[in-house]
Each structure stands twice: as C-alpha cells, then as structure tokens.
Amino acid sequence: MEALLTEGGTILAAFWMTVRLTAVSALGSLVLGTVLTAMRVAPLGALRTAATAYVTVLRNTPLTLVLLFTGLGIGANLGLELSDDIATNNFWLAVIGLTAYTSAFVCEALRSGLNTVSVGQAEAARSLGLGFVRTLALITLPQAFRAVVAPLGSILIALTKNTTIALVVGVSEASVRMRELIETYGDQVIEIFLGFAAGFVLLCLPMGLLFGWLSRRMAVAR
Amino acid sequence: MTPGDLIVLQQVNKRYGEHHVLRDVDLTVRQGEVVVIIGPSGAGKSTLCRAINRLESIDSGTITLDGRALPAEGRALARLRAEVGMVFQSFNLFAHKTVLDNVVLGQVHVLKRSRAEAERKARELLDRVGIGAQAAKFPAQLSGGQQQRVAIARALAMDPKAILFDEPTSALDPEMVNEVLEVMTALAREGMTMVVVTHEMGFARRAADRVVFMADGEIVEQNSPDAFFGAPSSDRASSFLAKILTH
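Protein sequences, first through last, are from chains A and B.
Using this note's numbering, count along the first sequence one by one with no gaps and you end on 222.
Using this note's numbering, count along the second sequence one by one with no gaps and you end on 247.
Any given hint could turn out to be false.
[As the list claims (entries may be wrong)] Using C-beta positions, here's what the derived DEER-type ranges look like:
no.	chain 1	residue 1	chain 2	residue 2	range
1	B	E117	A	L209	40 to 46 Å
2	A	A137	B	A136	20 to 26 Å
3	A	P206	B	G17	50 to 56 Å
4	B	P71	A	V35	26 to 32 Å
5	A	N60	B	E124	53 to 59 Å
6	A	G208	B	P71	44 to 50 Å
7	B	S170	A	T56	41 to 47 Å
8	A	I182	B	R115	55 to 61 Å
9	A	L209	B	S143	35 to 41 Å
10	A	A197	B	Y16	56 to 62 Å
11	B	G130	A	R217	27 to 33 Å
12	A	N60	B	H199	48 to 54 Å
[What the hints assert, rightly or not] Part of the chain B face toward chain A, derived, beta carbon under 7 Å:
no.	residue
13	R81
14	F88
15	N92
16	A95
Hints were generated in silico from the structure; no laboratory data involved.
Since the model is a prediction, treat every value here as computed from it, not as a measurement.
We put the CB at the ideal spot given by N, CA and C, even for glycine.
Input sequences plus hints: build the corresponding full structure.
In structure tokens, the structure reads:
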C-alpha cells in the first residue's frame with residue numbers, strides 16, 4: 001500500500017492522462033465514425049467502397065499495430081510534427097491512432113442502428129424534399145444514435161482500456177506509471193496491480209451505468 | 001397535354017425482375033382533380049403512386065409534374081418532391097420528433113420559413129385536422145387515426161400542388177378510418193389535387209372526380225364514380241366489384 005500512497009500524486013496525474021486520451025479520442029471517433037457511416041450509405045458507390053475498405057482494414061488490425069504505425073510510420077518516418085513539445089506530439093499521435101481504430105467500431109455500431117430505423121422514415125423525409133445529407137442528419141441518424149447508446153458505451157469502455165496501448169508511442173498514461181512503480185517497488189507488485197485495476201474499474205463503471213441509463217432514457221418509442 | 005394538366009404519365013413501365021408491375025401506364029391528373037385508384041392487390045397501384053414522386057424509379061416512359069419532367073436525382077428532384085405531398089399507409093411520422101415538429105420540420109428546412117411562422121402554420125393545420133391539443137406529444141402516444149391526420153397536416157404544411165395518398169386507411173383500426181376519410185373528403189372539396197390509392201369504395205363514390213381501375217400493372221378502365229360503380233365496362237372491373245360489394 002505504501003507505494004500507492006506515497007506515489008498518489010503521480011498516479012493521479014497518469015490517470016488524468018488516460019482520461020484526456022479517452023475523452024479526445026472518443027470525440028474524434030464519434031465524428032469520424034459518423035462520417036464513415038454516412039459514407040457507407042451514400043448514393044455514390046466510390047464513397048461506400050472507401051468507407052467499407054477503411055472499416056474492414058482498421059477493425060481487423062491489432063490496435064498495437066495501428067498505434068505503432070501512427071508513432072513510427074506517421075510520426076518518426078513521415079516526420080509529422082503536431083507540436084514542438086515531444087510529449088504533446090506523442091499525445092496527438094496516440095489520439096490519431098486511437099481515433100482511427102475506434103471510429104471503425106463506432107461506424108459499425110451506428111450502421112446497425114440505422115438498420116433499426118424503418119425505411120419509411122427516410123421516405124417521408126425525402127418526400128418532404130429533404131436531400132440525402134439532411135435526411136441523415138435530421139431524421140435517420142438521430143434515431144440510429146438513440147438505438148445504439150448502449151453499444152457505444154461498450155466502445156467507450158473498450159477505448160478507455162485501449163489507451164494503455166498508447167505506451168507504444170510514448171504517452172505516459174496510467175499503465176506506464178504502473179510499470180515504473182513495479183520496477184521501483186518490487187516488493188509490492190500485487191498491491192500496485194490491484195490499485196491500478198481498481199482505478200480503471202472506477203473510471204469505467206460509471207460510464208457503463210451512465211450509458212445504460214441514457215439508452216433507456218433516449219429510446220425512441222415507435 | 002393541355003394547360004391545367006398537373007401530373008402526366010406517359011407509357012410508364014416498371015419491372016421487378018420477371019414481374020412487370022407497370023405496363024404502358026398513361027394517366028393525366030388535372031389541377032384540382034381527385035383521382036382514386038382501385039384494384040386488386042398486386043395491381044401496381046402503390047407503385048404507380050410512389051413513382052409520381054420518384055420513391056420508385058421507372059424503367060421507361062415519362063412523368064411530368066406541372067409541365068416539368070421528373071428529375072432523376074439530386075437537388076432538382078428534392079425540390080420537386082417538396083411540391084408534392086405524400087401520405088403513407090404506415091404514417092411514417094418522425095418518431096423522435098413531437099407532433100408539432102413533424103409539421104414544422106419541412107417548412108423550416110426545405111421552404112426556409114422562420115421557426116415562428118412555421119409553428120403558426122403547423123398549429124393552424126393541426127387544429128384543422130383536429131389534433132391541435134396533441135401538438136406536444138410524440139407520434140407513438142397517438143392513435144393510428146390521429147397519426148395519419150398529423151401526416152396529412154405535415155404534407156399540407158408544404159403548400160403542395162398535389163398530395164399522393166398510398167392506402168392511407170389500410171393500417172387503421174376500423175373505427176379510425178372515418179376520421180381520416182373525413183379530413184380527406186374536406187380536402188377534396190376545397191379543391192386539392194389528390195391521387196388516392198385506396199380500398200375505401202365509399203370514399204371513391206363520395207369524393208372522387210374519377211375512378212381509375214388497375215389490374216396486373218395496367219389501367220383497365222377509368223370513369224366517373226357513378227359510371228364506374230354503376231356499370232363497369234370491363235369484365236375484370238365487374239368481377240372485382242362483384243367480389244367486394246356483395247357484403
């Protein structure tokens with residue numbers, strides 16, 4: 001327990017990094033996932049193909065590879081610099097990787113949500129003179145979102161835990177701090193493990209509860 | 001084509017694979033006319049109705065609305081659709097919007113009316129179809145008859161040149177059919193151009209200017225309601241009427 005207590009401040013700082021990675025990547029994934037969903041149902045075949053290819057590749061590639069690619073491929077090799085500060089640069093590289101990966105899952109969830117919206121809803125929108133984009137934005141996607149609140153919650157929880165892989169691009173989030181502590185306090189390995197596990201449960205549990213509540217509250221009566 | 005012809009279909013054909021759903025259909029609907037399409041199931045009535053605002057594509061032939069050919073897609077098609085109202089069998093009210101917002105939405109986003117103006121118009125129309133008190137409710141909280149009346153108000157809010165009704169009472173409980181037909185009859189009296197696919201023969205007799213009888217994808221005959229119901233000229237229409245009017 002001693003390690004957890006004396007290092008409390010640095011542990012909290014590391015978890016704060018986890019929260020920031022999660023929040024920014026979640027926002028990015030939601031936006032990119034929505035765009036991908038729109039592309040997958042677009043009237044233009046090329047858009048559908050591109051989105052399908054993207055989702056297929058990213059969903060079937062291990063996240064470690066995706067993050068190594070953003071870190072080594074985009075960051076080191078192509079030399080993309082998002083900030084002069086190396087820590088900030090690595091943070092954004094990790095966000096890119098996590099967003100690229102998670103948006104594929106958001107897209108799949110949203111697409112299954114779209115399938116729960118009856119064709120008649122889109123037909124009614126089109127018969128009023130709404131085009132493809134506004135039919136999606138005003139009528140079908142809002143209903144699709146409400147149908148998939150619970151699965152989106154699961155994706156968010158998975159993303160939270162996936163941020164631990166950001167260590168491969170050198171972001172000092174919670175799991176990195178845990179390794180360091182284990183090296184310093186070799187006699188307290190079990191306590192440290194349990195402490196960090198409890199930290200993640202504490203982060204993720206409220207998310208599950210919140211999304212469960214939201215999905216009941218936002219369900220559309222049909 | 002003469003002035004006053006609002007909807008003109010010429011030699012319209014459509015197939016679903018082997019099934020020929022519309023065969024060389026010619027139909028002209030004049031301004032202010034109420035045309036009721038009847039016929040057995042699978043005759044192509046709904047397909048014809050949906051083809052007029054291109055919810056169904058056609059394989060050959062032409063459809064013109066107010067003198068302009070129906071565009072295949074894009075903005076031009078959306079603009080044209082805004083000029084033709086549609087009322088569906090399954091109502092299709094936007095499930096996540098209140099009754100009021102259902103009637104407001106198209107006005108604001110398509111006609112670019114201000115929210116205040118659109119709401120005023122929506123409330124006026126909802127009062128007219130007898131749903132004024134339910135404006136804040138969601139569609140699922142309304143009966144089928146009430147939902148269909150909201151759907152009619154939603155179509156009217158766009159100030160359409162014509163309204164298409166695709167079996168508007170077929171999904172309703174029997175006791176709710178009349179409240180919807182009354183609204184439709186009132187509209188017909190006020191001079192709205194209407195194309196109505198229905199099985200309600202009473203409505204056809206009472207409100208139609210012309211009855212169109214379809215079978216197997218073809219228009220078999222068309223006539224005034226009195227002439228059609230009194231003495232149908234084709235065997236197919238006679239046998240159809242004999243089957244449904246004997247009870």
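Comparing the hints with the structure gives:
no. : hint                        : in the structure
1   : B:E117 x A:L209: 40 to 46 Å : 43 Å, holds
2   : A:A137 x B:A136: 20 to 26 Å : 24 Å, holds
3   : A:P206 x B:G17: 50 to 56 Å  : 53 Å, holds
4   : B:P71 x A:V35: 26 to 32 Å   : 27 Å, holds
5   : A:N60 x B:E124: 53 to 59 Å  : 56 Å, holds
6   : A:G208 x B:P71: 44 to 50 Å  : 49 Å, holds
7   : B:S170 x A:T56: 41 to 47 Å  : 42 Å, holds
8   : A:I182 x B:R115: 55 to 61 Å : 60 Å, holds
9   : A:L209 x B:S143: 35 to 41 Å : 36 Å, holds
10  : A:A197 x B:Y16: 56 to 62 Å  : 58 Å, holds
11  : B:G130 x A:R217: 27 to 33 Å : 31 Å, holds
12  : A:N60 x B:H199: 48 to 54 Å  : 51 Å, holds
13  : R81                         : 5 Å, holds
14  : F88                         : 6 Å, holds
15  : N92                         : 4 Å, holds
16  : A95                         : 5 Å, holds
Checked against the numbered hints above, the structure breaks none of them.
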